[in-house]
Amino acid sequence: MNFLDHLLWGILPYISIVLLIGGTIWRYKYDQFGWTTRSSQVYESKVLRIASPLFHYGLVGVLGGHIIGLVIPWSWTDAVGISNEMYHLFAIIAGLPFGIAVIVGLAVMIFRRRTNATVFRATTTNDKIMYIFLMGAIVLGVATTVISAFQGHHGHNYRGDISPWFRSLFTFQPDVGLMSNVPMEFKAHIVVAFLLFALWPFTRLVHAFTAPFHYLFRPYIVYRSRGNEGRGARAPRRGWEPMATAAKLSDKSAEEQRRGLHLHRMKK
Amino acid sequence: MRVMAQVSMIMALDKCLGCHTCSVTCKQAWTNRTGTEYVWFNNVETRPGLGYPKRYEDQERWKGGWELNKRGRLELKGGNRFKKLFTIFASPVQPEMSDYYEPWTYEYENLTNAPLGDDFPVAKPKSLITGEDTAIDWSANWDDDLGGTYATGHQDPIVEKIRTESEEKIKFEFEKTFMFYLPRICEHCLNPSCMASCPSGAIYKREEDGIVLVDQDRCRGWRQCITGCPYKKIYFNHKSGKAEKCTFCYPRIEHGIPTVCAETCVGRMRYIGIFLYDADKVTEAASVPDEKDLYQSQLDLMLDPFDPTVIAEAKKSGIPSSWIDAAQKSPVYKLAKVWKIALPLHPEYRTMPMVWYVPPLSPIIDLLKEQGHDGESKDNLFGAIDSLRIPVEYLAELFTAGDTGIIVDVLKKLAAMRSYMRDITLGNVGDESIANAVGMTGEEMYEMYRLMAISKYSERYVIPSAHMEEAHNLEEIGCSLDGDGGPGMLYDDAFTGMGDRPVPVSAGSYANTARADGKVDIFMWDGNSRPDAMFPNTSGSKKA
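If you read the sequences in order, they're chains A and B. Be aware that the first sequence starts at 454, since it is given in our numbering, and climbs by one per residue. Be aware that the second sequence starts at 44, since it is given in our numbering, and climbs by one per residue.
These aren't lab readings, by the way, just hints derived from the structure by calculation. Warning: the hint list may mix true and false statements.
[As the list claims (entries may be wrong)] The calculated DSS-like cross-link candidates involving lysine-lysine, where the alpha carbons are at most 27 angstroms apart (straight line), are:
hint : chain 1 : residue 1 : chain 2 : residue 2
1    : A       : K581      : B       : K282
2    : B       : K204      : B       : K97
3    : A       : K499      : B       : K106
4    : A       : K499      : B       : K97
5    : B       : K169      : A       : K499
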């Protein structure tokens, strides 16, 4: 084991998770206004209506597959009588359609984004960088499946090394040694995926974290009080307190502003 | 009974000139930004016409508003909550830019920069979306004044409907053409389907004044509201990725001044006032089985502000007495509930819209005059209203879910008012029988005339300003969402990168126009004082 192994399998995952969690909290706190799907459907609908559900539903399946493969230990499936061959057959049959859906959906969406002038014009640099990592992680992931499918019985069994290593991350005792015999395509997939996680909070992918399941439970009509924000002009935000003398503050509208600030201080 | 107050608008369509001043001033105030180039919170449509966006009234296609399900309960026409979530990855019914129009500008630079040549330089139209040359083929009012109606008029969903119902006659009469203008803003509905469609719960109705707003911080851009609104009055800002809509100029309303569209209306056709209504009964009123009963059921929601029980209940729900006073003086209450001459736009959508309209009468009078009749005689007018089936049916499709009886009653009242007032203008005594013929007294008729024809600013706009003493009472309670990390929290600008937020909207604070940097905003300058910043000291010596 050299330094690179430690870096990739012992340090990178933690950096990436810290950025993912910390970055998401920071973004939720400071950039609610930027937190959006930023849909491009208003420019082009026909292709999107096919490709986008294909990609997103595929992704839900792929996520499920990863949870089963990485979280459930080999010994447990053995214990309930599922042989390794049966497990892999099931994984290929159930997983491949989802994988294909994701890759086809993504390919069509990227093609659309590049060829439709209006959609391309609305694509930011941030989007482009994100797409490189998203596409990289997905293509490499499907590649691992395809390669192992061709290798049949000789294919690499990730449940023997990658999964235990993944679980060891959660106990803060990363077993870096487990990763030494893992084939290149798996390694590349994992590294790109962790880089994508690190990037996640700073891209439009954050919309996944606010999937609106609470819509099923909320009342249809929402009433909200105008609240204590003052009339017309809103209370200035922190850092924007006006400088003024006592005489100025006795002015009525200034009084309102001051109350806004007073509220602010009460909360702190 | 839960009494709530609703700021509401009524537009008297007879007085609309079709000048689009409201649209232009609204756009300058609210949507002259990147991402909202194609957005008009206020637009003026010529009817018959396709409207903006094209054919937005065709709910079989756009799935806006509510319908009753098999059990007779209200359900979004776009589908129930599960269907909405399952189709969230690509909204199934979503207008594209081309359904509105592709916004453009002109290459004015070319007019001065073009090299000397034999031809005059031209300013070519450039798309604001692609930046490329564009051919302009539609806009927010492309069929203004019936322009191009020979080609597109038959696509008006209402024309389509009444034509299939009564075949050739409609067509013939329709070809003789009539038209009127229909200015539209957000309806600030009592039962808004945009709000019900929003997966994030970002759209809300303000408890104090009923204004419907989108919380820009909570909106995640799922765009279900755009499908949900049958009036297509919520728009997608394609730059920010969030929904935006008419705000009823709430910063102005809070100061007791009318919306920009009303303030600048050249024809003085807009009225703003408040209604008191029973919020507990809204769902029930919106669920009546027969669409034609929806107008009456909505009217029944509006409470009598003079009724002592209503006043007591209103006070119990915390409505300030200045608001109850305003409800008693409300011009919209008089037009809608007392005289019953204002009608809601498309009540059949079951959203309980709160921007109402007095239907137009003028085309009938003009037609009678052309035919050599006395256009303002009561008998001629009443007869004409009945015989001119087509406009009445067209109006009925717009305002009463197809019930022509209500439209005829309203038009008769308007006709009677003209007839009654003519006698008075000519120096005769008002003929009480004219007023009685439409179930009114001469005195009421005169009052109606005053409000409709010559009322002053303060009578057309009765807007109580927001009560801040109420808001300050909330200091003790606070809002549970305002806590640190909560979705309604106030911003901490510690991270300066995020500090360049838009300056809070402010229409008021006229008394407080001094800016921190000492400069003077010329629009806020009262013209009396002599601000130093406007008259710099040229001698070079600085004042202490």
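Here's how the hints hold up against the structure:
1. K581/A <-> K282/B: 17 angstroms, holds
2. K204/B <-> K97/B: 16 angstroms, holds
3. K499/A <-> K106/B: 18 angstroms, holds
4. K499/A <-> K97/B: Distance of about 18 angstroms is within 27 angstroms: holds.
5. K169/B <-> K499/A: Between K169/B and K499/A the Cα gap is close to 25 angstroms, so the pair holds against 27 angstroms.
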